[in-house]
Every structure is written in C-alpha cells, then in structure tokens.
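K.L.:
Combine the two chains into a complex, taking the hints into account.
So you can see what is in the structure, the chains are spelled out below.
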Amino acid sequence: MMTDLPLIAPLLVVAGGSLLVLLIDVFLRGRWPNVSASIGVLLLALVSAVVVAPEYLSHGTAFSGALFVDPYTSFISALVISGSILCLLMGKEYLEGEGISEAKGEYISLYLMATAGALVFVAAADLITLFLGLELMSMALYALCGAALYRSASAEAAMKYFFLGSFSSAFLLLGIAFLYGATGTLSLLELASALPESPTGLVGIGIALFLVGILFKMGAAPLHFWAPDVYQGSPTSVTLYMASVIKVAAVAVGLRVFSLTFGGAEYYELWSRGIWIAAVLTIVIGNLVAIRQRSVKRMLAYSSVAHAGYMLMGFLAPGEFGGGPAVLFYLVAYAVMTLGAFGVVMAVSARYQDSPDSDDIVRFNLLSRKRPFLAALMSLFLLSLAGLPPGMAGLLGKFYVFNAAIRAEYVGLALIGVLGSAISCYYYLRVIVAMYFVPSPSQAGGATSSYEDDCGEAIVAMPLAGTLAVCGVLTVLLGLQPSALFEAVETLFPPNLY
Amino acid sequence: MDEQLLFGTFPLLTTLIFLPLLGAVTLLFLPGERSSEQGEGEGALGLPVVVALFFSALTFLVSLVLVSRFDPENTSYQFQEQISWIPSLGVSYILGVDGISILLVLLTTFLMPIIFLASKSVREGRRGYLFHMLALETAMLGTLLSLDLFLFYVFWELMLAPMYFIIGIWGGKRRIYATLKFVLYTVVGSLLMLVALFSLVWSYAEQSGEVTFALNEIVGNVQLSVEEQLWLFAAFALAFGIKVPIFPFHTWLPDAHVEAPTGGSVVLAGVLLKMGLYGFIRIAYPLFPEGASFFGPYLAGLAVIGIVYGALVAWAQHDIKKLVAYSSVSHLGYCVLGFVAMNTLAATGSIYQMLNHGISTGALFLLVGVLYDRKHTREISAYGGLAGKVPLFAFLFLVFTLSSIALPLTNGFVGEFLILAGSYQQFPTLTLVAVSGVILGAVYMLTLYMKTMFGEFHEERNGDLTDVNSRELMTLAPLFVLVFVMGVYPAPFLGMIEPTVAQYVKDHHERTMTSQNRSNPRALPSGGIDFARSPETPEVESETAKASSGVPSVLVSTAQETLVQQVSS
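Chains as they are written, first to last, in my numbering: chain A, 1 to 498; chain B, 1001 to 1569.
Next comes chain B alone, as it looks inside the complex (with noise of 0.2 Å):
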C-alpha cells in the first residue's frame, strides 16, 4: 500500500460518509417543527428541508470533488484511510474506492438532494423523514466505501433502520406488513454472513497467526479447502441475493416499493438493491473465487430467471409501482448476469447499468409519486388519456420509459448492449433467454404507457389533474439530462470504471486459476469458466481469456473510446 495515499491529506472519504450525519444530527436541533411546516405554500421548502438539502448537496459536491481527484487509470483503492478501531480483533476503520465504487457513490450522492426536493409530498413529521433520509445516506455510503469486513457490516445493517422507519412510519396502508417482511429478510440474510465472516477470519487468522478483518489483507492471501469456500460463498450470497433481490428472494421488493414513501422507493430502486451485487463484487467473489465459479452459473440462471419471470409478473400488474417495482427485479437481473459472466465487458456494462436503473427506475418512482400525490391511487385503470391534460408529464414519463426499455441513445441501451453482449460469450443459452426480457420490458413498459397517456381521458376522474410544476420539473431534470448524457457519450463514465473492472476480472481468473491449482480439479464441476483452454501462467491466461471470449481484443483491452464507438454503431 502507497503510505502516501495512506495517510496523506484530508479524509475526503470520512467527511463524505458523515457529512450527511451531521446534518441528520443538526435538524434535530432545529427550532419547532410545526411552525416550519403550517407555512404550506407551494414556493416555500421549510426550514428542515432547506438543511437537509444544504448538507446533501454539500455531501455532493464533496463526491464531485472526489471524482475530479481520482485517478481512473489507478486500479487499486484510492484515498484510503485507516484508523484501528478494536485492535484485539483486529478490526480497523479502513476506508477507499476505486472505479467500481466511485460512480456508485456519485449516484448516491446525486440522489439525494432529489429526494429531499421532492419530499414536499411528505406531509407529516416530515423533519423525522429527512432526518432518516441523512442517516441512510451515512449509512449507504459508509457500506460503498468501507474495506473492513466488519465496519462494512455494520454500515451494512445500518442501512436497514433508516428504511425500516421510512417505509414504516411514512409508508402506504400495508407498511407494517412490508417493513417486517424487509426487516426479517434483510436480518436472516445478514446475521448468516456475519457468521461466515468469523468463520473466514479465524481461518485466515490460523493460517497467517494474524486476526484481521481487513479485506485487502484476506482478499488473495487466505486459502480456504473447495467445501469451506462453498459454504462460505453460499453464506455470503444468501445475504447479498436478499439484498439485490435474486429470484426466490425477490418477494419483499414489491411490497416494500409500493409501500414506501416516493424518496423511500428512489433511494431504494436507485441505491439499496445496488448494495446487494456490490456486496458480491466486493467480497463475495474476491474472496471465494471457487464458490463464485462453482455458483456462478446457478447465480446466472437465477438471475435470467429473475429477469424473465420479473418481466412476466410486471405486466400482469394494476399497480404502478407494483409494475415498476417488479421491472427492478428484471433490471438487476441484468446486473446480476452481466457480473457472474466476469468479463470485463459484461461486468463494465454490469456496473454502468447499476447507475442507468439508479437513474430511470429513480425517475419512475418520481413520476409515479407524481400522479400518487394528486390522486391518490396507482391504479392503471383509473388513468388514461392523460398525454392530452399533461403533456409535460406524459414527455417525461415516455423518456423515462424508453430509457428503462433501453432504447438506443438512452443510457439503458449502452448497459443492457454491454450485458448481453459480454455474456453472450460466457453463457449463450441463458443470454438468448435473457435478452426475451428486453422484448418483456418493452411490452410491459409501453403498455403502462398506452394504457395510462393514451386512450379515453376520464374528464370527470382525472379533470382536476395538473401538469408537473417546477419543483417537480427540478427534480426530474437532472436525471432527464443524464439519461441522454450517459445514452449518447458514455465514454467518461466507462472511462472510470473500465480499468478497474478490467483488473478485477483479470485478478478473479488469477485467483481461480491458483486454486484451481492447489486444489484438485476435479473435486469441483468445471464452473462456467471453460480453464480447459486457458494456459497455466496468469498472463498468458488473461491473454486468452480475451481471445477466447471472442471480442475483438483490442475492444477489451483499449480505451474506452473503442468501446463506445462499438457500442453507439
């Protein structure tokens, strides 16, 4: 580790995680809630929202800053941080990011002062709202961030009071109902990975005589029997499929999204379901490479049929928000597939899509929210024709949706291309399956959109309707921008997490590679990775592993202006 980059210069990445904190701690200070909120007029934001948009966009700004600085071309942790925090066992407070997480927790960043802005619909103790808003930021980046195992698990679990508040006290009628189903889900899941997490660090710390929960020290270094990694990839997996949500895991979702406040179900489509294949990109698959190429195809074909089965059961929605949530479950399950496929294509497109689903499943709810505000229901069938009374509403809500159905010069087009085109080369059968979701989306999605914007206007239903007013259009903006920006010229952003997945991949089929080694072969099913092919020396390895998935060498291992290009013809 560069002790420079160590112990260098501000914590920029501390400041970062607890910047929101302190303005979660700071509205309680606040002068009298009432007072600040019976001033309803529609310009007027109130005291707490002004400072909880004061400190978020703050935070943002500090994320910009950290963005300007980091060097993309740097593969390994940047701005890193170290502090012990319990020494006897070996915990420390490490933080660092790197090109698959920076643009995550740009995202994160970059939503929350929308969702502060639109809390105007938040009409009851809305300071308690904003003030587990801040708390969830806090906790959401401290997960992105930390390289501890168990500082990431307790950011981790404290991601899910904050939720569990918001959906519960400022939720629709089935909240109590919703949050215990997210509650016990989420707990079952992480409690079983804080058990492998002791278990995995007692057996590195029998190996090297060093009890450490540092992820950079484990990563790499401890060696685990082929059974050991299995059990504790399975462990690690259960937590993080909950979280994502993988197929049979997937039934809280719906409940939780539909019950959720608006800013609930933004954070929680836009960041909460990123955390859970960010949990296997970070730690899961790093540290078993040998339960990853063991469950990676069972995690593949979970995941094509989470996108697949997700599609089926959106289009049989009435509810909205039902309907965009179970699109979720189809979304990340590109993700998902894109990831397991490991290469650096699909992961890249994995992780790009990560922010296209932040962005326009983020903007659906929005919308959703909306017409939820004025009406009082999600129904489909109580809307229709509304394209003639708002057409602002009716123009947003179609870019929205051509950007979830990926529509070529839309961002989801450049992910969802860069998913079925990387996993083609892993898993043919299941990408052809797979890409029967994208024909699903658009079903699903354009038939919400013909029955809710086109058909017979309901004059004395819906008359009383308003166009999107300004405040909304400000929140809805920035995110109409970005689908364009990241749609037409994606290069800036691959640009940031192109290396780094490219060293990931090459890191993982080292890893695989030297325990498939050590152990025997044959004790283990060959996986999806075909080492058959692949030479014994890593860097010839890589070598091939690009060759023989069949892309254009220099596609994978060039700028990412070549990669864009191939993607935008």
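Chain A with its partners taken away, still in its complex shape (with noise of 0.2 Å):
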C-alpha cells in the first residue's frame, strides 16, 4: 500500500497544498498565500505528474484497485493541472475586483481542493472512489461559484448548483447502488466482464442513472439548466475552471467509463441510444439558445454545453472507430479555446466590474481599435470556437469527432452536429460584429461621448496577456500539427482494453 504512495504525487502535492494554504491563511491573514505560491504548488504537481509518468506507462490499478494507473489517467491528470495553473493565472488580478481578495486564503485553497478533487475523479478505478472524487471536486467548487462575496449573482450561483449538483450525484450514488446490487462489485474493470452475466433491468437502470450524473457534470442536455446560471453568476475566473478543468475531468471520466466499463456488446445498444438522444438535445438546445443571449459570458456558457453535445458524438463511436481519442483531441482543443475566450471576457467585464452588465456585448464595441491585440485574439478563439479557419484546433477537433461519428454510421447524428456547428456561427461572429464592425461614434454621427467611455475597455494584466497568448498560439498550433497530439492520445487507448 505505502509502495503506492510515489504513484499519486501530484494529488498528495495539491491536497497537501490545499491544507497548508489554509493553514498558513490562518496565522498570516491575507499575507502570504497569495496566489503566486498557490502557482507553484500546481507546477510542482505537474512536475510530479511528469515524474511519475513513466510508472504509469503500464495499465495497472493502485490501492488495491481504487486508482487507475494508466497512460490514460497521467494524460488527463496533466490536463486538469496545467489546466489550473492557467485558469489561476488567467484570473489573479480578477480576484481584486470581486472582492475575493479578502478571503483569498480560502479561495485558493478550495480552488486547490477541486483540482484534487478532480484528480481523483479522473483516477478511480472504482465507483466509489469515484464517487468521492466527483463530490470533494464539487464540494470545493459549490463554494467558489459563491466566492463573489458581495455580488447576489454570485450567491445565487453557488445555490443553484449545490442544489442541482446534489440531486445528480444522488442519482449517480443511486446508480453505483443499482449496478453493485446486480454485479457485486465496484470495480470498473470487473464491472466490465461481470455485467453480461447479470440481470438486464437493475444494470440497465444503473447504468441509465450513472449516464444522468455524467451528463450533469458535463453540462449536457437535458441536464444543463444550472450551466448558464452558474456561468454567468459565478467569478469569471471560476467559469473558466469549470468550462475547461471540470469539463475535461467529467468527460475523460465519462469516456472511460462508457468505452471501458459499459462498452461491451450487450449494453452499448442501450446506453448509445439515450447518448445519441442527448447529444442531438445538446447540440440543438445549446447552440439555439445561445443565440439569444447578450451576455457574453452566458452566450459562453450555452456554447460550452452545446460543444459537449459535439464530444458525445464521439461516446457513440469507440473502439476501432477512433472515438476515443477524437473526444481526447477535442477536449484538448476545446479547453484551449474556452479559456482564452472566457479570459478576453474576463480582460473585458473586468473593466466594467461595478456595473451589473459587465460582459454585456455591448461592453465589446470598439475593443478592436481600443485594444486591437486582444480583438484580434478574441476573433480566433471564436472562430475556433465556430470551426472555422484559421481557427484550427477546432476545426481539427469537429473534424476527428465527426469523422469518427460518421465512419461509426451515424450519419444523421453528424449532420445535425454539422448544422448546430453552422447555427453556432451566428452568435460567435455577433462578438466578432460588436468588435470589428460597429461604427465608432465619430463615424455614426449620433451617438453620445460616454459611449465611448462603455466599451471597448479592459484590464489585461501580465499573467492574462501571457496565458491568452499561449492559447492563441495552441489554437493554431493545435490545427496546423494535429497528429502529435493525436497520435499521442490514440496509444492511451490499447486495443485490448477499450
């Protein structure tokens, strides 16, 4: 047991971390545990998670079969913690504004807590580890959604999705029980090969409640109603974690278990067809509302649940067909992507952080004479977002999941899939139109000097421009040289096992 201990470095380094930032908060209030140190932490667990990863190259279980120990698990575990780092950098000088800076000892050590919690999420090797994993990462961010203190949105948020969260991991809990019950194991790996010998209708149910707290956590339909609330009301700067962190670790999670565990013959029927279900809900529902939207950030927010209706696609097509690794890539590229773009949101309503439209798309006129960098930045992470070039990555990451989808038959899947992705067009290029295309008041005559003064603003401060840029530079990167990472990602997923 203690032998394990070295494999699981970068979740004891960022737990550890979590306590001790709070602990230190303790004596040297406001002081010290500022979020530069909370950085480090988090690079040192990715170091350890670049340390440990040779170990991981065999597909083995840790503690007696509680964690995975696998290409798979290193592949994501680096993920959500170099995710982090850049979400943390991308909101330091955010935490200002919102008035977080005075708990900021709590903040950063329930930030922490998630990205462990996260790490155990995307290990488990059985549900109730599993279960555990998904709760501590959800406990922590119940409360960072609410850490605006003197915003009510922000309250309203943290209310919003403790409740709805709670009620789906009920449902997930009561699915471990139905699917314990029928096999009598919680193992994901002996789940697999006792499922075909038990009773149809308990794992059917259990697998149909698990599937509803995946789609949850996901942000999918007909499960997504706290994601635009939550988005919108929580601090930008946890938006971003939960757009891009939480999104990742819920559908690596929800990849493994549907293509390893659930991913036989006997059930893929079943389950294939409540998923194709919610990804055509998804894609439809997220990309139709999103049209309507002014905010900005909710405009995001339905994005983000529309582009998880688009990595579904990919649950439908594994083994041979390649889905697995497609959802992998698009995850990457779209994670890249969600955080630069909500950044430049960030950059922006920071700006306008005392009004309560503060990433209205109004706030966005004139943002590309008034900060052209970002504008232009902005305009690629939206057209990646749109699949166009040359915003590649995403164009790449629709590319590999409608392939895989197609080349699985689902043809009618992939053409909806095309026309959500033709229908999202629309309201990324309105952001592009506010910042490119409305006149300027000198040029339009009419309209009033304070105008100008309302948009076009933002506060960019060193770490921000750095991430963005980093993004930008992935977004294309990521198209232009798809097959390193997607190669990369392909050899996570052995034959034999998924």
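Please note that the accuracy of each hint is not assured.
[Said to hold, decoys possible] Restraint-style ranges between C-beta atoms, simulated for each label pair:
id, chain 1, residue 1, chain 2, residue 2, range
1, A, Glu409, B, Val1065, 46 to 52 Å
2, A, Ala469, B, Ser1084, 28 to 34 Å
3, A, Leu288, B, Ile1083, 39 to 45 Å
4, B, Glu1210, A, Glu487, 52 to 58 Å
5, B, Glu1459, A, Ala469, 28 to 34 Å
6, B, Ile1083, A, Glu409, 30 to 36 Å
7, A, Ala469, B, Ser1470, 41 to 47 Å
8, B, Pro1011, A, Glu487, 23 to 29 Å
[Stated by the list, open to error] What the simulated footprint calls covered on chain A by chain B, stretch by stretch (three residues with Cβ under 8 Å from a Cβ of chain B suffice, anywhere in the stretch; the number is not a length):
id, stretch
9, 406-420
10, 484-494
Simulated from the structure, these hints should not be mistaken for laboratory data. Ideal Cβ positions, reconstructed from N, Cα and C, are used throughout, including at glycine.
P.N.:
Here it is, written out as structure tokens:
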C-alpha cells in the first residue's frame, strides 16, 4: 500500500497544498498565501505528474484497485493540472476586483481542493472512489461559485449549483448502488466482465442513472439548466475553471466508463440510444439558445453546452471507430479555445466590474480599436469555436469527431452536429461584429461621447496576457500539427482494453 | 505519378500560395499606421500599400514563371508537391496545377495588385484591409491548387474569414446583415460538404482498405452505388452551388456585393465566385459521375433560370453596383451551363468565360468604385450626361460594358460563343432560352450606360466630378488591354485550357459509361447524355461523342488555332 504513494504524488501535492494554504492563512491573514504561491504548488504537481509518468505506462491499478495507474490517467491528470495553472494565472488580477481578495486564503484553498478532487475523479478505478472524487471536486466548486462575496448573482449561482449538483450526485450514487446490486462489484474493470452475466434490468437502470450524473457534470442537455446561470453568476475566474478543467474531468471520466466498463456489445445498444438523444438535444438546445444571449459570458456558457454535445458524438463511436481519441483531441482543443475566450471576457468585464452588465455584448464594441491584439485573439478563439480557419484547433477537433461519428455510421447525428455548428457561427460572429463592425460614435455621428467610455476597454495584466497568447498559439498549432497530439492520445486507448 | 514531378525541384506552388501570407505577416510588423496614412497626397501610396503591392506583384511574377514552365499538352497535374500532414487519417498536403486551374491562378494573382492599387479609397485601417486581402489571396490560391480533399476544405473555409472581415469592417451601411448572410449561406453548404467528404472517404476506405483524402487516388477508383452518388453529389453541389451562386441560392451575392468595398467586390466577382464552379469541376463531377449525369440537366436548368432571372432583375435595379452584381448571377449561369453541357467546346468556353467575367466585371466594379469615391452614391438616377464631363471614364465604361455584353472582338464574345455553341449540342432548348440572356444583357447594360453617360447633365449635382486619375487608370489599363487581347487573339489562352478539358471530358464520359455498365441502367433517368448512341468501348465512345455532338471533329480534336478561326469568323 505504502509503495503506491509515489504514484499519486500530484494528488498529494495538490491536496497537501490546499490544507497548507488554509493553515497558513489562519496565521498570516492575507499576506503570504497569494495566488503565486498556489501556482507554485500546482507547478510542482505538474512536475510530479511528469515524474511518475513512466510508472503510468503500465496498465495497472494502485491502492488495491481504487485508482488507475495508466497512460490515460496520466494524460488527463496532466491536462487537469496544466488547465488549473492557466486558470489561476488568468484570474490573478481579476480576483482583486471581485472582493475575493479578503478571502483569498480560502479561495485558493478551495481551488486546490477542487483540483485534488478532479485528480481523484479522473483516476478512480472503482465506483466509490469515483464518487468521492466527484464530491470533493463539486463541494469545493459550490463554495467557489459563491466566492464573489458582494454580488448576489454569485451567491445565487452557488445555491443553484449546490442544489442541482446534489440531486445529480444522488442519481449517480443510486446508479452505483444498482450496479453494485446487480454485479456485486464496484471495480470498473471487474464490472466490465461481470455485466454480461448480470440481470439486464438492474444494470440498465444503473447505467441510466450513472449517465444522468455524468451528463449533469458535463453540462449536457437535458441536464444543462444549471450551466448558464452558474457560469454567468460565478466569478469569471471560476467560470473558466468550470468550463475547462471540470469539463475535461467529467468528459474524460465519462469516456472511460462508457468505453471501458459499459463498452461491451450487450449494453452499447442501450446507452448509445440515450447518449444519441442527449447529444442531439445538447447540440440543438445549446446552439439555439446561445443565439438569444446578450451576455457574452452566458453565450459562451451555452456554447460550452453545445460543445459537450459534439463530444458526446465521439462517445458513440468507441474502439476502432476512433471516437475515444477524437473526444480527447476535441477536449484539449475545446479547453484551449474556451479558456482563451473566457479569458478575454474576463479582461473586458474586469474593466466594468461595477455595473451589472459587465459582460454584455455592447461592452465589446470598439474593442478592435482600443485593444487590437485582444480583439484579434478573441476573433481567433471565436472562429476556432465555430470551427472556421484560421481557428484550426476547433476545425480539426470537429474533423476528428465528425469523422468518427460518420465512421460509426451516425451520419444523421453528424448532419445535426454540422447544422448546429453552422448555427453557432451566428452567435460567435456576433461578438466579432461588435468588436470590429460596429461603427465608432465619431463615424456614426449621433452617439454621445459617454458611449465611447462604456465599451471596448479591458484590463489585461501580465499573466493574463501571457496565458492568452499561449492559448492563441496553441489554437493555431493544434490544427496545423494535429498528428502529434492525436497520435499521443491514440496510444491511451490500447485496443485490448477499450 | 511521375516521380520527378513529385519530388522534383523547387516548391513553386507552395511559394505561390504562401507568399501573400508572408506579405500579410510583414504588414503586421510595419511601423505605426497613423504616420503613413496622414501624408495623404494623391500620389503617395503609403508604406503598407507598397508592401502589399510588392508581395502581390511578386506572387504574380511567380505565377508567370509557373505559366511559362507549364506544359499545355500534358493533361495531368503538374508541379505536384506532396507531404504527409495528418497520416493517421490519410490527409496530405498535395498540390498540383493543370490546364483548368492554371489560368484561374493567373487571374487571381493578376487581380490582386490591381486591387491594392485601388485600395486608396479605403480610408480607415488600411493596413488591416491589406492584411485580409493578402490572407484571402493565400486562401484562394490554396483552394485552386490543392489536390487533397481535406486541404481543399481548409482553404475553402479559409476564404470565408478574410472576406467576412473585408465586407464587415470596410463595407457599406448594411454590411452586418450582408456579412451574416454571406457567412451563414456559405457555412451551411460547406459543412454539409464536410459530412459528405467523410462519407466518401470511408466508403473508399472500405473498398481499398486505405484511408486517404487524396483526390487523385479516389477519383475513378471509388465505387459508389447510384443512391450514394446522388446524395453525395447533392451535398457537394449545394456547397458549390451556393458559392457560384446558382439560382435559388444567389440571394447573398447582391447584398455582399453592394456592401463590400470596391476591392472586395472585385475579388468576390473576380475570383471567389469562380470557386464554386471550380469545385464542381475539380471535385463533384470527377467523384460522382452518376450523380453528375443525374443532376446535370437540373443544374443546366437552374443555370438558365439564373441567366434570365439575373438579367431581368439586373434590368430593374436602381443601384449601379447591384445591377452589376445581378449581372454576375447571369454571367455565372453561362459558365455553369457550359460546363454542365460537358463537351470540350462548351467546357473550354466555360473556363474562358470565368476569366472574362473576372476581368470585365472586376473592371466594372472598379469603375463603380471610381464614381462612388467621388459622389458617394451609386443611384443610377443621380448621374446622367457624364460622357461630356468625364470622357475618359465614359470611354472605359463603354469598353467594359461591351465586353460584358459580349460584343465581337471583346473577350466576352469568345467565351459566350463557345459556351452557347457547345451547349446547344447538349441542351438545345435551354440554350435557346439562354441566348435571350445575351439580349437581355445588352438591354440592361446599355440602359445603364445610356442613363448614366448620356442624357441630361446635372451641373449642380455632378459639376465637380473629375475624370479618372492616373492611379485609377493604372488599375484599369491592364484589364482594358486584356479585354481586347483575349477577344482578338484567344489562342494562347485556349491553348492552355483546351487539351486538359478535352481529356477531362473524355474521362468523364468514360467514368459515366463504366459506372453505367456496373449498375442497373434503369436505375437512373437518362440524364443529359444520350447513352443509347454511344458504343460500349471508351475509345470509340469519345469519337462518337464528338461526332454526335455535331461539331466538326477537326474543331474539337485539333489544335486551338482551328477553334479560334471558327470562333472569330
């Protein structure tokens, strides 16, 4: 047992860091545990993830089958940790304006706690560990959503997320109970072999309830209702964490469970129909409702719902169809572009933090004139989200996912996905319209001078600018050299296991 | 494939494609924009324009080198380059040029410097404008030269964003509406094309066991059932048809044209519209011969509707630019009709007419831009009697008007004549209707000329109008020369197109024959081509195709001189 400890070094570092920050904060209220300290902690964790990676080349488990030790876990953990680092860097300045600075210690501690939960969640090899990880992650997140102490929307977001999240966790737990009752095992690996001999009815209910829990965390329809409100109400630094890191964790776990544990032919028929419906609903609802949003943050929230739908398409094409690697590629691309887009929204809304509509689309007017580079980066992210070149990451992501779906003969679903992404052009481009096409008052002649002050400004601190640039470069590079990443993620799915 | 062609010498085509992009990136590193723009002397172009001109001129030179080393008699792809890009999915970076694309490439590189010379009228943020134009040039050249389906798709989509910004930032009052329409139309089409692309690739992979997007490998080798072909062709046809635009999908075009800045209109009419038909030629027809022969007559029908309808609507316009835009719908109808007729004569004419349209309509848009720069209106009724006031303008306008209505000795005549002569063999009734478009074309263009150039001159309104200045003359002169060169001596141009097209048409009929033999002949309506008269063997078939088409076989089979004599007599 003790010999397994080095294998979870990243988790230990992050969880330990979280407690340490909390402890130190008691004594040195608001002085030492600043953001950069926690970034250091996370960096350390990333290093340790790299260090243990060779161990993860084997396909085994640790702690008596509680945690997976395999390349998949290693890759997702690295993704989660690097995502967390980027999120923290981006949000560094933003925290000050949200009234979070007074509770910084708790904020950072919770942040690390959520990351630790995500690390357990993605590594879990049995259903109880999986649930523990999920709850650790979620509890910390509920609190984080309410971190903007002086904004009622933030508190509202926290409450909503908490109640709905608890319901979904209960469903998940019930699903686990059914699966356990039907098979007598909790291990994801043993379940795979036990399922075919188990009573179909019980297993079916178990899988369905499990699916509900996962869809909720992914923010997929019809369980997406929390996402827009929570994304909008939370401090943007938490929103981008939810939209990237948490989504990565949820999708990665869902993918693993559905392709590994439930991947057998007996139940594929059953859950594939459920996921098919969920994917269609997610794509249609996410894209259609996003059209009507005035708040860019909310629009991006719906867009992230829609993207969950594209990823679900890949769930349906397991094994040789290449859906697994396609989803992971999409996940990386999605995380990069969403981080970038939310980062820009954060920069703009930070400037107008006092007003209730700080992320309204009107705030983006004239951005191209006042902040040309920020506007150019935002355009790149938006085009990428829409799947249009030069946003190559998004295009290649769709390319892989649609490709897998069509290969698995889900042509109808692919067509729906395609139409959804055509619709998505409308609302992504609306932001570009605001940034570039809306005339300045001097051009239009009529508007007042205060209009010019009310839009197009942004606060871009050094770490944010740096991370945005990284996201921008990745957005283009991922598309120009997709093979490197794709071949890497392909090796995570050994044919005999998945 | 010839090894030497594959891995030979200098990557000419890559240079051609990415040179403009290099220019675009260079623009970003130029010193501050303000200083160069404030010295607004009429003569000074400003550093960004000079840089853009330099790179586009260099690209033009490279394309001239390409043309000089191009072997017209070789009907396969030349200057091929091939690098693996996404090996796991069989996507490669494959480029190549043939007689169909080479002159379109030349047209693109030729128009760009002209557009940059004309970019003086873009007042604000000129550097961004030039940046997007250069990026657009890269995308257009990439589309024309790529021989890998996915690469083609990427470049195809890449054309969208720069044009979107060009219309959206530097466009007219309703530009936001126009850009939205432009993007949504195009994206719906192209995304459906993406799905069709995958279906195609995976059906081919099932047969051959090899996943590839290489056009050359799939064309002729892929075996699809008739039903599959119909669906896939329909998906591709929708994407390409929107871009052309073919009749019911044309409504984005007038809006885009009217709102676009002058340079945007020129490149839209000059090159972008050709991409739709080019897609039909390069991808849809070779891949899905059955689908093509089923949908061909419908396409021809829509093309003719476009010809007549476009002309009628153009006649009714009050806005000069909108009139020219609708005339594009009409002219592109001829190109589609000519290609769909699928014989050497008409298809050659179709490609030739694409060049002509780029030149004459491009020039007309430039002329409209000249007027608009001065008077800030494009209402026909705002002008009148200009011939006396601005004689040089009136003269140039006359020449390009005549070229547009295909008067003999101008380039338009050669193209339209070839198309109508050729397509008459295939679709006699439709062609007769299409001919009425020629007459209507004369009606609306000459009406426009009459209303603006002749009649009463409004001294108070247009008294301050100045004639074409030297910079504007420089943009129009090359087009002016080409109108007559291509009208009087089309041989060198046709000579580059014709051999490839002849081979293309032959290949197409062979493919249709073989797939016809493979599948149940009754499964398909007879399409446009009369198979009953064609013998089974391909060699004989192509001979009879010529004979039965009623054209003297000498005309089709021998060198282009004969063709030209026939045409100009």
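K.L.:
Are the hints correct? Go through all of them and say.
P.N.:
We went through each hint and held it up to the structure:
Roughly 48 Å separates the CB atoms of A:Glu409 and B:Val1065, a value that falls within the hinted 46 to 52 Å. The hint said 28 to 34 Å for the Cβ distance between A:Ala469 and B:Ser1084, and at roughly 30 Å that hint holds. Checked against the hint of 39 to 45 Å, the pair A:Leu288 and B:Ile1083 passes, with Cβ atoms roughly 41 Å apart. Checking the proposed 52 to 58 Å range against B:Glu1210 and A:Glu487 shows it is violated: the Cβ atoms sit about 18 Å from each other.
With their beta carbons about 59 Å apart, B:Glu1459 and A:Ala469 fall outside the hinted range of 28 to 34 Å. Take B:Ile1083 and A:Glu409: their Cβ atoms lie about 31 Å apart, and the range 30 to 36 Å holds. Distance hint check for A:Ala469 and B:Ser1470: the Cβ-Cβ separation is about 45 Å, which falls inside the suggested range of 41 to 47 Å. Distance hint check: the CB atoms of B:Pro1011 and A:Glu487 are about 26 Å apart, consistent with the given range 23 to 29 Å.
Only when three residues or more bring their CB closer than 8 Å to a CB of chain B does the claim for the stretch 406-420 of chain A stand; here the count is 7, and the claim holds. Only residues whose C-beta sits within less than 8 Å of a C-beta in chain B count toward coverage, and the stretch 484-494 of chain A has 3 of them, enough to reach three; the restraint holds.
Violation of the numbered hints given earlier is confined to hints 4, 5; the remaining hints are satisfied by the structure.
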